[in-house]
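Fit chains U, E and C to the supplied structure of chain P, relying on the hints for placement.
Protein chains: 4
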Amino acid sequence: MRFYLVVNLDKANAADCAAEAAAELLRCGAEVLLTPELNAVLNCSGCQVLDDREAMQSCDAAISIGGDGTMIHTALDALEFDRPVIGINSGRLGYLTQIEPPFGDSLQKLAAGQFGIQPRTVLSVTVRQPDGSTCQSYALNDVVIARQMVASMIDIEVFRGGAAFASYRADGLIFATPTGSTAYSMSAGGAIVDPGMDCLIVTPICPHSLADRSVVLGPDAPLEVRLVTRNTPPDAGVAVDGTTICPMVDGTRLEISAAARKSRFIQLSASSFYQTLGKKLTGTEPAEIERKA
Amino acid sequence: MRFYLVVNLDKANAADCAAEAAAELLRCGAEVLLTPELNAVLNCSGCQVLDDREAMQSCDAAISIGGDGTMIHTALDALEFDRPVIGINSGRLGYLTQIEPPFGDSLQKLAAGQFGIQPRTVLSVTVRQPDGSTCQSYALNDVVIARQMVASMIDIEVFRGGAAFASYRADGLIFATPTGSTAYSMSAGGAIVDPGMDCLIVTPICPHSLADRSVVLGPDAPLEVRLVTRNTPPDAGVAVDGTTICPMVDGTRLEISAAARKSRFIQLSASSFYQTLGKKLTGTEPAEIERKA
Amino acid sequence: MRFYLVVNLDKANAADCAAEAAAELLRCGAEVLLTPELNAVLNCSGCQVLDDREAMQSCDAAISIGGDGTMIHTALDALEFDRPVIGINSGRLGYLTQIEPPFGDSLQKLAAGQFGIQPRTVLSVTVRQPDGSTCQSYALNDVVIARQMVASMIDIEVFRGGAAFASYRADGLIFATPTGSTAYSMSAGGAIVDPGMDCLIVTPICPHSLADRSVVLGPDAPLEVRLVTRNTPPDAGVAVDGTTICPMVDGTRLEISAAARKSRFIQLSASSFYQTLGKKLTGTEPAEIERKA
Amino acid sequence: MRFYLVVNLDKANAADCAAEAAAELLRCGAEVLLTPELNAVLNCSGCQVLDDREAMQSCDAAISIGGDGTMIHTALDALEFDRPVIGINSGRLGYLTQIEPPFGDSLQKLAAGQFGIQPRTVLSVTVRQPDGSTCQSYALNDVVIARQMVASMIDIEVFRGGAAFASYRADGLIFATPTGSTAYSMSAGGAIVDPGMDCLIVTPICPHSLADRSVVLGPDAPLEVRLVTRNTPPDAGVAVDGTTICPMVDGTRLEISAAARKSRFIQLSASSFYQTLGKKLTGTEPAEIERKA
Numbered sequence: 159m160r161f162y163l164v165v166n167l168d169k170a171n172a173a174d175c176a177a178e179a180a181a182e183l184l185r186c187g188a189e190v191l192l193t194p195e196l197n198a199v200l201n202c203s204g205c206q207v208l209d210d211r212e213a214m215q216s217c218d219a220a221i222s223i224g225g226d227g228t229m230i231h232t233a234l235d236a237l238e239f240d241r242p243v244i245g246i247n248s249g250r251l252g253y254l255t256q257i258e259p260p261f262g263d264s265l266q267k268l269a270a271g272q273f274g275i276q277p278r279t280v281l282s283v284t285v286r287q288p289d290g291s292t293c294q295s296y297a298l299n300d301v302v303i304a305r306q307m308v309a310s311m312i313d314i315e316v317f318r319g320g321a322a323f324a325s326y327r328a329d330g331l332i333f334a335t336p337t338g339s340t341a342y343s344m345s346a347g348g349a350i351v352d353p354g355m356d357c358l359i360v361t362p363i364c365p366h367s368l369a370d371r372s373v374v375l376g377p378d379a380p381l382e383v384r385l386v387t388r389n390t391p392p393d394a395g396v397a398v399d400g401t402t403i404c405p406m407v408d409g410t411r412l413e414i415s416a417a418a419r420k421s422r423f424i425q426l427s428a429s430s431f432y433q434t435l436g437k438k439l440t441g442t443e444p445a446e447i448e449r450k451a
Numbered sequence: 159m160r161f162y163l164v165v166n167l168d169k170a171n172a173a174d175c176a177a178e179a180a181a182e183l184l185r186c187g188a189e190v191l192l193t194p195e196l197n198a199v200l201n202c203s204g205c206q207v208l209d210d211r212e213a214m215q216s217c218d219a220a221i222s223i224g225g226d227g228t229m230i231h232t233a234l235d236a237l238e239f240d241r242p243v244i245g246i247n248s249g250r251l252g253y254l255t256q257i258e259p260p261f262g263d264s265l266q267k268l269a270a271g272q273f274g275i276q277p278r279t280v281l282s283v284t285v286r287q288p289d290g291s292t293c294q295s296y297a298l299n300d301v302v303i304a305r306q307m308v309a310s311m312i313d314i315e316v317f318r319g320g321a322a323f324a325s326y327r328a329d330g331l332i333f334a335t336p337t338g339s340t341a342y343s344m345s346a347g348g349a350i351v352d353p354g355m356d357c358l359i360v361t362p363i364c365p366h367s368l369a370d371r372s373v374v375l376g377p378d379a380p381l382e383v384r385l386v387t388r389n390t391p392p393d394a395g396v397a398v399d400g401t402t403i404c405p406m407v408d409g410t411r412l413e414i415s416a417a418a419r420k421s422r423f424i425q426l427s428a429s430s431f432y433q434t435l436g437k438k439l440t441g442t443e444p445a446e447i448e449r450k451a
Numbered sequence: 159m160r161f162y163l164v165v166n167l168d169k170a171n172a173a174d175c176a177a178e179a180a181a182e183l184l185r186c187g188a189e190v191l192l193t194p195e196l197n198a199v200l201n202c203s204g205c206q207v208l209d210d211r212e213a214m215q216s217c218d219a220a221i222s223i224g225g226d227g228t229m230i231h232t233a234l235d236a237l238e239f240d241r242p243v244i245g246i247n248s249g250r251l252g253y254l255t256q257i258e259p260p261f262g263d264s265l266q267k268l269a270a271g272q273f274g275i276q277p278r279t280v281l282s283v284t285v286r287q288p289d290g291s292t293c294q295s296y297a298l299n300d301v302v303i304a305r306q307m308v309a310s311m312i313d314i315e316v317f318r319g320g321a322a323f324a325s326y327r328a329d330g331l332i333f334a335t336p337t338g339s340t341a342y343s344m345s346a347g348g349a350i351v352d353p354g355m356d357c358l359i360v361t362p363i364c365p366h367s368l369a370d371r372s373v374v375l376g377p378d379a380p381l382e383v384r385l386v387t388r389n390t391p392p393d394a395g396v397a398v399d400g401t402t403i404c405p406m407v408d409g410t411r412l413e414i415s416a417a418a419r420k421s422r423f424i425q426l427s428a429s430s431f432y433q434t435l436g437k438k439l440t441g442t443e444p445a446e447i448e449r450k451a
Numbered sequence: 159m160r161f162y163l164v165v166n167l168d169k170a171n172a173a174d175c176a177a178e179a180a181a182e183l184l185r186c187g188a189e190v191l192l193t194p195e196l197n198a199v200l201n202c203s204g205c206q207v208l209d210d211r212e213a214m215q216s217c218d219a220a221i222s223i224g225g226d227g228t229m230i231h232t233a234l235d236a237l238e239f240d241r242p243v244i245g246i247n248s249g250r251l252g253y254l255t256q257i258e259p260p261f262g263d264s265l266q267k268l269a270a271g272q273f274g275i276q277p278r279t280v281l282s283v284t285v286r287q288p289d290g291s292t293c294q295s296y297a298l299n300d301v302v303i304a305r306q307m308v309a310s311m312i313d314i315e316v317f318r319g320g321a322a323f324a325s326y327r328a329d330g331l332i333f334a335t336p337t338g339s340t341a342y343s344m345s346a347g348g349a350i351v352d353p354g355m356d357c358l359i360v361t362p363i364c365p366h367s368l369a370d371r372s373v374v375l376g377p378d379a380p381l382e383v384r385l386v387t388r389n390t391p392p393d394a395g396v397a398v399d400g401t402t403i404c405p406m407v408d409g410t411r412l413e414i415s416a417a418a419r420k421s422r423f424i425q426l427s428a429s430s431f432y433q434t435l436g437k438k439l440t441g442t443e444p445a446e447i448e449r450k451a
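As they're listed, the protein sequences go chains P, U, E and C. In terms of the numbering used here, the first sequence is residues 159 to 451. In terms of the numbering used here, the second sequence is residues 159 to 451. In terms of the numbering used here, the third sequence is residues 159 to 451. In terms of the numbering used here, the fourth sequence is residues 159 to 451.
The following block holds chain P by itself, in its conformation from the complex (with noise of 0.2 Å):
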């Protein structure tokens, strides 16, 4: 098995954790891809130094090391090139991440190729600016549709299947995959779903009528979001897995679907979302919901 190791270094405890791991992976036989940036780093001896998107490419697996963030960003590269991915938890325990330090025979099952993939459904989202011009983007935890101006509101209509579907007036609106049920959508009041689902979920943000739950959709349906303008003109934008790619203005149209390509996550234990949201919902846990700052 061929491993490749991505590290959020701003992240405490994320160089050691990488050695560490490394080591380890070396021990038990597998073969550790690096590029030169980590390396410069590490400065692993029995590793193997390829840039980002060829390491991406020649590895049988991804190790995210960091945080949920960093896991993000390494299960959508890894997407590109249909790679399973893993989480190695610096920090606190979160949902995308199964392995913490101590490591135990995690690594050991890893290396031996005893595990199972998890499908995770991704967003495929298309922005339609009035003026013609497009982008396209995967998200893995979701896009979010919201008022840039502090305490101002914007009215969004949904489409699914061309059909309308509901209407909101709110700071804005979210699209969350399962994974992401326990991210942003949450903070909203948003239901918790199993990763392993293949759903999206409508969560209104701060909306203007009490008809303020959080949806369920089924993933056969292409939605199709737009900006209706009443009073003022809108200042909103788009963001992906929370970043920001672009303004939502005017005419702009959105049209979100459930990608179909999967995300595969590698799963050591069939229930460790499970065991996780039972500490957090029991307290053992805090019940904090992750999102970056």
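To be clear, the hints were calculated from the coordinates, so they are not data collected in a lab. Please note that a few of the clues may not be correct.
You can't tell identical chains apart in this list, so a pair holds if it fits in one copy or across any two.
Stated by the list, open to error - Capping the alpha-carbon separation at 20 Å, the derived lysine to any residue pairs in SDA-like fashion look like this:
#, residue 1, residue 2
1, Lys437, Ser367
2, Lys437, Gly274
3, Lys169, Asp313
4, Lys437, Ser325
5, Lys420, Gly376
6, Lys420, Tyr296
7, Lys437, Asp313
8, Lys420, Pro242
9, Lys267, Ala181
10, Lys437, Gly320
11, Lys420, Leu200
Fair warning: this is a prediction, and the values are worked out from it, not measured in the lab.
For chains U, E and C alone, coordinates are given in the frame of chain P:
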């Protein structure tokens, strides 16, 4: 096509609605089956009179005429014989019922077999009492474990696939199907779930902790539910689709899982759920929650 | 200063806590009153033994030792004789109890009379049954009208100052004091209210409608609550501070108002509520909701 | 009685409404003050034309004609000269406006001085920027500190009376008056508060933690709010009654307190808030939340 009409005569307009539906179905060349009790009211000359089980067994599809409560009973009866079912609402717009008077061409389509079938997840619940007695039941909407004494709380432990999943101190806990997500679970703050999905929704009722979100679980692992006794003997009961079936005492074990057999809902329009939901979310229809009083 | 110790001997550590408190108060020159039952356990040589009503009447302040439940009972007993009250928690941090072991200088301050008094709103509830019988009661936390049968709903009408105010179809309705805002009302989604405020909080339990917000009402107008019968005889009860006091049937009328007399809570620190709340909100202390099981 | 008419001419029907109100008030023997701009539209022969500050100073009461937004501006202008204010709604039912066309006898009562005054809590907010500059403002509805970048979060610390009270990781934080409890705070899940009460409501927007309840605070201690910088420079702003007044950066300090002066709302009926609320809660009027788009 042979249709079995199941009518809740306590509902206003239900008898008129049934007479009109029977006449229209006969005119379209369909056969119509009735129980002797209903025929005593309708006195339908072209209809065939059979007792309820015989009628359900020999029909091609059951038609429920009444409200959402009538539809639940009809669907569970149809489940036994694996018959498809559709609801006519004699009152206001419901999530479970697709046809309202005036019928337009909906009964013609039905008679001509021009419809799809949407499988709906049904919960199988087995109650094992400490004296060894057991009972088994199916739920189309929900299984609820709750306190009976006003303002008291119960402690509930939930296991999933044999592993401890979560514990709740609350008024109670709702295990809903997607079909039931717009009923009691919604009152308790749960998410709305596309009824075509295959999953379970767990929603606590007035939980003691702030970790109060509803959780959407995959259908692949059975749940077990136990009461935990702390200070006082708990006073709790189990209700299936709104009807109390037994008390829940110390030592009672509930096994809840997605039933192997699905309820088969006739679908005249692919998006009737989304249409109803959209109307309720945008206030065109009152955003009320469907529960029986 | 004469202190009457009210102790819940069912609570772990309560007897030890009481012995220690009595000794410390005597050392500070205070007088300590006990019931014969408590003295049988503590065997306190310097204490004075009186029956409960006599002790409450002749004390300068009552000290409740136990949990929040003990404090509620002590405060209501103290209300009758207009005595101030303070709670010592033998268990974990509570909203109602200000002192925890180790005592530090808190009992010295108490003995020296170095404290403020915070008046707390108490609800007066009068139940008028259709047979003409009435009962009257006080609530420090809440008055709850709720269904008893699992998964059933009741229809409730509320009048304020004689005018129709709102109607609810729900599991029930909570009328809480600010003191009770962190108890059952909070479980049902209600707001947290500074206990020094003079108001009532109305919070529906699992309402049928999406209009589910809790409402904070001014104390100046009495409320009247009635059950509305639709199809079936409702099965409902009335609970005061967590204890069911009577059934609620067709024709039962509840009158709820802020009582003229306030409960007088001893305040050693101006901000103890905000300290406790801050700890619970930020997760330093578990954000649990105080209700008795 | 001298009435100053403040009219939002952008609102449909507002000019007609104003002409009708002016005529009716004159007929009842009242004096009517207008700005030159409004008189250019109304051309009211019996009215007196004054510039806005002069009109406000010399009137006995201000009448706002438009929607809830117009009323907010009029009330804050009236606050400076301690004048009472009442709102006429030219559109649909609002929480802030008591009179709707047709006027019935409401303007007669007004002209005859047959009304009460309800004092409304106003927030005073002072922003101290790290460069030493300060600005001060009043809020009738709310002061909001929030992120501007879509899907980002900010860390906010709140002190009450000089002591650390709570910290939030969220989209933002709303400090609302009871008057503002039915506006943005309600969208974010906050409680509805009787506008005659004297308190502040703190409601987090999409908090990171499950400790997401709104808190009703007494008015007696000032709040201080600071931004905490973790990884990235925060991109946040401060809005007062829906209008952004300044950015919030590292080192910005906000001081928020109940202002010494109250806004004085004219009350024709003791229970107009409860009537409006009751209609919105029971669905007679749409349960929408009043915010400007």
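Here is how each hint holds up against the structure:
no., hint, in the structure
1, Lys437 - Ser367, "between (33 Å within a copy, 13 Å between copies)"
2, Lys437 - Gly274, "neither (23 Å within a copy, 41 Å between copies)"
3, Lys169 - Asp313, "between (38 Å within a copy, 19 Å between copies)"
4, Lys437 - Ser325, "between (36 Å within a copy, 10 Å between copies)"
5, Lys420 - Gly376, "both (15 Å within a copy, 17 Å between copies)"
6, Lys420 - Tyr296, "within (11 Å within a copy, 34 Å between copies)"
7, Lys437 - Asp313, "between (38 Å within a copy, 17 Å between copies)"
8, Lys420 - Pro242, "within (10 Å within a copy, 33 Å between copies)"
9, Lys267 - Ala181, "within (15 Å within a copy, 61 Å between copies)"
10, Lys437 - Gly320, "between (41 Å within a copy, 16 Å between copies)"
11, Lys420 - Leu200, "neither (32 Å within a copy, 55 Å between copies)"
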